[in-house]
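For the record, the sequence lines run as chains P and Z.
Under my numbering, the first residue of the first sequence is numbered 1, with each subsequent residue one higher.
Under my numbering, the first residue of the second sequence is numbered 1, with each subsequent residue one higher.
Fair warning: there could be bad hints in the mix.
[Stated by the list, open to error] Label-pair ranges, simulated between beta-carbon atoms:
(1) P:Ile35 to Z:Glu358: 35 to 41 Å
(2) P:Lys68 to Z:Asn442: 46 to 52 Å
(3) P:Ile54 to Z:Ile43: 32 to 38 Å
(4) P:Lys68 to Z:Glu323: 31 to 37 Å
(5) Z:Pro357 to P:Lys68: 49 to 55 Å
Everything labelled a hint here was simulated from the structure, so no lab data went into it.
This one's a predicted model, so the numbers in the text were calculated from it and none came from an experiment.
C-beta: ideal position from N, C-alpha, C; glycine also.
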Amino acid sequence: MNNTYTVSSSPHITSNESVSRIMLDVIIALIPAAIAAVYFFGWRSALVIVVSVISSVAAEAIYQKLMKKPVTIKDLSAVVTGILLAYNLPPTIPLWIVVIGAVIAIVLVKQIFGGIGQNFMNPALAARAILLAAWPVEMTDWQSPVIDGVSAATSSATSSATIDGVSSATSGATPLAILKSGGVWAELPPLWDVFIGKIGGCIGEISALALLLGAAYLLFRRVISWRIPITYIATVGLLTWVFGNDGLFTGHGLYHIFSGGLILGAFFMATDYPTSPVTPKGQIIMGIGCGIITTVIRLAGGYPGGVSYSILIMNVATPLIERYTRPRIYGEVRGNA
Amino acid sequence: MGFKLFSFKGGVHPPDNKHFTENKPIEKANVPSLVYIPLQQHIGAPCEPLVKPGDHVKLGQMIGQQRGFVSSPVHASVSGIVKSVTPMRTPQGSKVMTVVIENDGLDTLDESVKPKDIDNLSIQDMRRAILDAGIVGLGGAAFPTHVKLSPPAEKEIDCVILNGAECEPYLTADHRLMIEEPDKIVSGLKVIMKVLDAKIGYIAIEDNKPEAISAMEKAVSNESNIQVVTLKTKYPQGSEKQLIQALTGRQVPSGGLPADVGVEVNNVATAAKIYEALETGMPLIERVVTVSGQGIREPKNLKVRIGTLFSDLIEQCGGFSCEPSKIIAGGPMTGIAQHSLEVPVIKSIAGILVLSPEETKDEEVWPCIRCGKCIEVCPINLMPLSISAYSLKGDFDTCREYNALDCIECGCCSYICPSKRPLVQSIVVAKNEIIAKEKSNNSNKDR
């Protein structure tokens, strides 16, 4: 028996959890939305997704090679960032802008701050915000759904909705814009169309149905908890119902929930691990905070990105929230801990 | 009560791997020709040796006397001649003065080993007998039992819990004991309840041991104030604080003891030993050890004389079935990895695990992604990721603010971590630093 044995600290067994498995789960959960995007917008949206993923992964690998760091693309986190970035772009976006966006997300927002787990803002959303400031026209060139090739006609004047209520130069008023100007029901696309995604918008945000399928999978796999997304969505629904119209309690809460980027943002972006609180109470504050800011931007603000900006603002508040929401420990003695 | 499963917040579900040994009756292990008996096998001060090389000792003879109240004597587990008294490494990792006895094979009983008249013993005498028998907690902590049974007078103990959870994967020593000797356990519990003047006794068992539950239920069928309760199978269900919370809803205050909430917890094996010590007068000289893991050819539950070397037991279990990656003293979640097999079984060792590379999976460590799973599983509700991060930075004051000292070192955080970070290890480092700093501060004040 002249073996050598490994000596290390306990525990000596580990679970099957892994970073790449979590990322794979997120990718799986994002697939229905990609299918919806191709269905409603055509194959160009798939091209944008592919270009975004490839450039994100390449940006990570090249940066790490240049910096002589271990290349960590096998953790799949760059793939997730690539998909989420694409989901926040219009389907007509020029591909070179996609590449620039991926480099911004991976290098500027993620790697420079130390790589996975260290970024203080959601990489995809921060990149989107920068792209929106740099190329406002390209970033808001909404395309109507191309389903059956005639959908533009069937959904008439309201053929396009944007992420947060800004209509493009090429289309008429969006559901959110109509709501803002007084909410005439007749002018709105049917709620069902908004729910399944037969509306204009960014690639990954249009189909609430597809996103909710993915979200259910993430909740089932316990990759995310209900706390941030449910409080976020409930806050927006409640506040827009109360304040979303001329009289109190007459707003269209459901419309606000299913249009724009709320479902995508609430389940897939606000829950981003490094940039949202790890404490249960903190997650609830994150959700409510995002909801309030989103509602304020939608109802009172005049610029796109209600969901994106509210999440980005709450991202930077995360360390502060965490500091004040440390969980009460077992047997904690009040005033003594 | 039987319908509700008792549980606690947090925890993990590692594969229990009890199938290796759960159906194997306890066998007597061969008594070795040499036994190595460390003079400190418990939490507390080491013993004073009572023997020197060349002395004849008899089975059950006290060979190390306790020093101070929190200490526990040790006894000869064979009869024979003392070969040497020398520092040796124990499975706990430190070097301890150890009495090496050459077994004469006769098991000549020491005169002090005499049955006690349980029914007519005073409470004081019972405590004394438990102390003299060298009984310590057999669940793993090896805290001297007589200390547990002497709570401060102002603390009223209303409830005694016997811990039969055995939540560590692989281990089945308590499981088998509950099946094979339930009456001893119940008798031991009755002694504990009498000493503490407690009204209720619970025997808590995880629901993955139905055979043990029914054996214990049968054994308590005539006891009106003792109940067998079924716990949800979840690690660390057998942790003292979690067990108390699961059964009574009470939380032991941070930095406090179970007695603060009127509860005492003892292991089922400890209770059986208490009874044996009174019934036969035999001190703690042997215990049940589960030898298991994929790397052992014939996993077994063995009744082992204290001081038997790991290598002897592994040989009795057919040796290795593969090149083992780790040898663990204890369970896989909290046990201690060994670098050598030439260490003796001491009172706290409930298992020896020979783990294959497949079982231990030596994995790459990734950066923390802040998924928060460690917070979710922490039974104390700590923030392991934060304590670990501050510990790695050397900021132990902040670790303390994050309640590092409350960590029970169950290992759930390290187990669940998708980045495979050794969280509990860095928290233990912080705890040691905090305690060391506190000690030096106190001694400065004294000056």
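Okay, the hints, checked on the actual structure:
1. In this structure the supplied range 35 to 41 Å holds for isoleucine 35 of chain P paired with glutamate 358 of chain Z, their Cβ-Cβ distance being about 38 Å.
2. Distance hint check: the CB atoms of lysine 68 of chain P and asparagine 442 of chain Z are about 48 Å apart, consistent with the given range 46 to 52 Å.
3. For isoleucine 54 of chain P and isoleucine 43 of chain Z, the hinted distance range of 32 to 38 Å is not satisfied, since their beta carbons lie about 59 Å from each other.
4. For lysine 68 of chain P and glutamate 323 of chain Z, the Cβ-Cβ distance of about 36 Å falls inside the hinted range of 31 to 37 Å, so the restraint holds.
5. At about 31 Å, the beta-carbon gap between proline 357 of chain Z and lysine 68 of chain P misses the expected band of 49 to 55 Å.
Hint check: violations occur at hints 3, 5; the rest are consistent with the structure.
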